[in-house]
Structure formats: C-alpha cells, structure tokens
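**Q** 307 is the number of the first residue of the sequence shown in the working numbering; add one for each residue after it.
It cannot be assumed that every hint is accurate.
To be verified - Quick list of in silico lysine-lysine cross-link-like pairs, DSBU-like style, CA-CA up to 35 angstroms:
#	residue 1	residue 2
1	Lys-318	Lys-492
2	Lys-495	Lys-548
3	Lys-315	Lys-456
4	Lys-499	Lys-557
5	Lys-447	Lys-556
6	Lys-309	Lys-494
7	Lys-309	Lys-495
8	Lys-556	Lys-318
9	Lys-447	Lys-315
10	Lys-540	Lys-499
11	Lys-495	Lys-315
12	Lys-540	Lys-524
13	Lys-499	Lys-315
14	Lys-524	Lys-495
15	Lys-495	Lys-318
16	Lys-557	Lys-524
17	Lys-557	Lys-447
18	Lys-557	Lys-315
19	Lys-556	Lys-540
20	Lys-557	Lys-456
21	Lys-494	Lys-524
22	Lys-456	Lys-540
23	Lys-524	Lys-556
24	Lys-540	Lys-495
25	Lys-557	Lys-318
26	Lys-456	Lys-556
27	Lys-318	Lys-456
28	Lys-540	Lys-494
Don't read these hints as lab results, they were simulated from the structure.
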Amino acid sequence: MEKVFSRPKSMKGNIFHYCAGCGHSIVHRLIAEVIDEMGIQGITIGVPPAGCAVLAYNYFDVDMIEAQHGRGPATATGIKRVLPDRVVFSYQGDGDLAAIGIAESFHAANRGENITVVFINNAVYGMTGGQMAPTSMLGQKTTTSPAGRKPILDGHPVRVSEVFSLLPGTTYIERCTVNTPANILKAKKSIRKAFQYQIDGLGFSLIEILSPCPTNWKMTPTESCQWIDDVMSKSFPLGIFKDIPAEEQKKGGKAK
C-alpha cells in the first residue's frame with residue numbers, strides 16, 4: 307500500500323505538549339510542510355517565543371534560537387542581518403507579540419525587516435492560566451475579566467493585522483485560521499507565500515492565525531472551532547490586509 311501521509315522531514319518525532327484541540331500543533335506541522343516543500347530546511351532559522359510555544363525547538367528540525375519574552379522580531383532581525391541568505395521566522399503568541407513585545411514587533415515591521423512573523427491569536431493567555439490578552443474580545447470572559455472585557459476598564463482588543471498593514475515597511479499581512487480543513491490549507495498557502503516573499507527580499511511579512519484554545523475557552527475542541535466562525539472571526543475578520551507584490555503585479559509593475 308502506498309504511503310500518502312507522514313511526518314514532515316522538518317519536524318522531529320517528539321510528542322506535542324499542547325492541549326487537545328490546540329491550534330499550535332496544526333500550525334507547527336504546516337510550517338514544517340512548507341519548509342520541506344520549498345527545500346529550505348538547511349537554511350531556515352526559527353525564533354520561538356515565551357508562552358505556550360516556548361518549547362517549539364523540540365518540534366522543528368531546523369536551527370532554532372530562543373528569544374527573550376517579546377523579543378522575537380528583534381532576535382530575528384539580528385539573525386537576518388548577519389545571515390541574509392537564511393529564511394528567518396519568528397513564532398509568537400498574542401501576549402508575546404501584542405503585549406510585552408509590541409514595540410519590537412511594531413518597529414521591526416515599520417523598518418521593513420526582511421523576516422516572517424507567524425502570529426498565533428487565541429485571544430487569551432494560554433500558558434499562564436487564561437488571563438485577558440491584548441486580543442481578548444469585548445465581553446470575553448477570562449480569569450482576569452470574569453465579567454467580560456469592558457472597554458472603559460480594559461480598552462479595546464488590539465487588531466495587529468490591521469495596524470501593521472498601515473506601516474510602510476510591511477509587504478504582506480494576512481489573517482487566517484486553522485479551524486477547518488479548508489482553512490488549514492489556506493493558512494498553509496499563506497505561510498508559504500510569506501516565506502517566498504522573504505526569499506525574494508521583499509520585506510516584512512506577518513501571518514496572523516486565529517487558533518482554538520479549548521482549555522482556556524472552556525469548550526470542547528469542536529465547539530472552539532465553531533466559536534472561531536461564530537464569534538472570533540467577527541472581531542478579527544479573515545483575509546489579506548496588505549500584499550504589495552500582488553498589487554504591483556495587478557498594476558503591471560514590479561514589486562520593490
């Protein structure tokens with residue numbers, strides 16, 4: 307019998323530590339598949355975050371350099387500038403990128419650093435007990451907002467893709483999700499596109515992925531996937547927010 311599905315070469319055989327139904331494991335596999343298909347395993351360097359994915363180096367069979375909390379884009383910037391021929395990606399959660407790391411993320415994007423950021427948005431602090439995150443939605447109940455997030459007390463959720471798309475240094479910004487097979491395939495295409503843009507030297511790219519967190523959402527995995535469609539994607543609409551190369555191609559010109 308022909309084998310049609312197996313572990314990607316760029317993924318180690320270790321068992322994931324993630325909770326059942328978590329989106330991190332899906333995204334890890336997608337990144338590994340893209341690395342394999344593009345033939346870039348030997349030149350790829352990943353930067354894991356603090357948070358649920360802090361042990362990402364246990365799973366990717368590529369060079370990995372752990373960053374301090376929130377400093378993924380700064381670390382990735384240093385690596386890329388010293389080794390410009392490498393494919394460098396920073397893998398970050400909503401707390402790591404949008405809270406403690408917002409300055410590093412924002413300025414790396416604004417400078418147009420030629421790196422790729424994979425941003426996992428599950429609207430909650432997953433590793434530390436389900437506290438409110440910068441991306442927690444209005445009315446969302448967390449351990450630190452038991453009555454629901456209120457704008458007058460807690461402010462509004464940070465919409466990273468929308469904000470970063472306004473920066474002149476960014477070249478490609480897209481928000482995806484991994485809650486259905488079809489959306490998983492779309493997310494994979496987006497990750498591959500971001501890596502290709504980096505290889506082409508086009509500048510900063512960010513793929514935001516809405517990810518289920520059944521444990522802290524107090525839902526089953528099935529319910530959490532449906533919740534992304536019914537609730538989360540209303541606050542964080544899916545789609546491409548910026549794609550300079552595609553826009554230039556439509557105009558009949560060339561990307562920068």
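**Q** Does each hint fit the structure? Answer for all of them.
**A** Hint check:
As the CA atoms of Lys-318 and Lys-492 are separated by approximately 24 angstroms, the hinted pair is consistent with the 35 angstroms bound. A threshold of 35 angstroms between alpha carbons decides the hint, and for Lys-495 with Lys-548 the separation of about 15 angstroms falls inside it, so the pair holds. Annotation: proposed proximity of Lys-315 to Lys-456 is violated, straight-line Cα distance about 46 angstroms (limit 35 angstroms). Restraint check: the Cα-Cα separation between Lys-499 and Lys-557 comes to about 19 angstroms, which is no more than 35 angstroms; the hinted pair holds.
Between Lys-447 and Lys-556 the alpha-carbon distance is near 44 angstroms, which puts this suggested pair outside the 35 angstroms criterion. For the hint pairing Lys-309 with Lys-494, the CA-to-CA distance comes to about 21 angstroms; that is within 35 angstroms, so the pair holds. Distance check on the hinted pair: Lys-309 and Lys-495 sit about 23 angstroms apart at the alpha-carbon level, within 35 angstroms; holds. Among the hinted pairs, Lys-556 with Lys-318 is inconsistent with the structure: their alpha-carbon atoms are about 40 angstroms apart, more than 35 angstroms.
Between Lys-447 and Lys-315 the alpha-carbon distance is near 40 angstroms, which puts this suggested pair outside the 35 angstroms criterion. With a C-alpha separation of about 25 angstroms, the suggested pair Lys-540 and Lys-499 falls inside the 35 angstroms cut-off, and the hint holds. Taking the CA atoms of Lys-495 and Lys-315, the gap is about 18 angstroms. The hint holds against a cut of 35 angstroms. Among the hinted pairs, Lys-540 with Lys-524 is consistent with the structure: their alpha-carbon atoms are about 20 angstroms apart, no more than 35 angstroms.
For the hint pairing Lys-499 with Lys-315, the CA-to-CA distance comes to about 20 angstroms; that is within 35 angstroms, so the pair holds. Of the pairs offered as hints, the one joining Lys-524 and Lys-495 holds, with about 30 angstroms between alpha carbons and a cut-off of 35 angstroms not exceeded. Note on Lys-495 and Lys-318: the hinted pairing holds, with a Cα-Cα distance of about 22 angstroms set against a maximum of 35 angstroms. The suggested pairing of Lys-557 with Lys-524 is violated, with an alpha-carbon distance near 47 angstroms, which exceeds 35 angstroms.
Using a Cα cut-off of 35 angstroms, the hinted pair Lys-557 and Lys-447 is violated, with the two alpha carbons roughly 45 angstroms apart. About 39 angstroms separates the Cα atoms of Lys-557 and Lys-315, which puts this hinted pair outside 35 angstroms; it is violated. Of the pairs offered as hints, the one joining Lys-556 and Lys-540 holds, with about 29 angstroms between alpha carbons and a cut-off of 35 angstroms not exceeded. Straight-line distance between C-alpha atoms of Lys-557 and Lys-456 comes to about 44 angstroms, which puts the hinted pair past the 35 angstroms bound.
A hinted pair counts as satisfied when its Cα atoms are at most 35 angstroms apart, and Lys-494 with Lys-524 qualifies at roughly 27 angstroms. Note on Lys-456 and Lys-540: the hinted pairing holds, with a Cα-Cα distance of about 17 angstroms set against a maximum of 35 angstroms. Of the supplied pair hints, the one linking Lys-524 and Lys-556 is violated, its CA atoms being roughly 45 angstroms apart against a limit of 35 angstroms. At roughly 22 angstroms between alpha-carbon atoms, Lys-540 and Lys-495 fall within 35 angstroms of each other, so this suggested pair holds.
Taken as a hint, the Lys-557 and Lys-318 pair is broken in the structure, with Cα atoms around 43 angstroms apart against an allowance of 35 angstroms. Straight-line distance between C-alpha atoms of Lys-456 and Lys-556 comes to about 42 angstroms, which puts the hinted pair past the 35 angstroms bound. The straight-line distance between the Cα atoms of Lys-318 and Lys-456 is roughly 42 angstroms, outside the 35 angstroms bound, and the hint therefore fails. The straight-line distance between the Cα atoms of Lys-540 and Lys-494 is roughly 22 angstroms, inside the 35 angstroms bound, and the hint therefore holds.
The structure fails hints 3, 5, 8, 9, 16, 17, 18, 20, 23, 25, 26 and 27 (numbered hints given earlier, in ascending order).
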